[in-house]
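Put together the whole structure using the sequences plus the hints.
All residue numbers for the sequence shown refer to full-length UniProt numbering, where the first residue is 1 and numbers rise by one.
Since the hints were made in silico from the structure, they are not lab data.
Ideal placement from N, C-alpha and C gives every residue a C-beta, glycine not left out.
Beta-carbon label-pair distances, calculated as ranges:
hint, residue 1, residue 2, range
1, 34, 147, 20 to 26 Å
2, 105, 149, 17 to 23 Å
3, 76, 9, 16 to 22 Å
4, 167, 52, 24 to 30 Å
5, 93, 35, 33 to 39 Å
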Amino acid sequence: MNEVLQMRWLTAPAMVGPVVREQILECWRDVSNAGGAVGFPFPPVSGDQVLCSIESMVQSLENPASQLLLASIEGELAGWLLLAGNSNELTAHWARVLRVQTALGFRKCGVGRALMGEVARAATEDLALDQLHLELRSGLGLEDFYMSCGWQEVGRWPAALRLPEGDRDEVLMALSLPRTVETTVTAR
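Shown next as structure tokens:
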């Protein structure tokens, strides 16, 4: 990939304009219809179905702990994910990574790995989180990808997902983030 991959965080609903919504809609619909495990398990998926989910996701950005990460190449959406944080003080030290996807035309170009690297960086450096969590559908080889990005499987819900081709486990994964060390200078 010779083109420059640009990452951009959107942190409020007003930042998700019509062009971005349309790009997300096309990516999400196409990834779903290609068999991607991104929230629509029964393809084919229509644009209207995806649009309802986009509206809900955009509204979730009203929570200051949630953010949308976009990866683009020459203005075209190459991939995206949602970082869903927790506002409850008991769970505010971790966030969930949701809807990780790479646009079909940018597969095998490192976009997914770049998204996972940026979300880990931002969670550590910008948000001072301790962990990231995600859930995925077994049987698609996704565990290997996430493990190659430093994630660990922490559990499974056996046969939790009932799909036309048969039941699948829901795999629970976590990424422990390095603690940032703050140095304090004491005046003498």
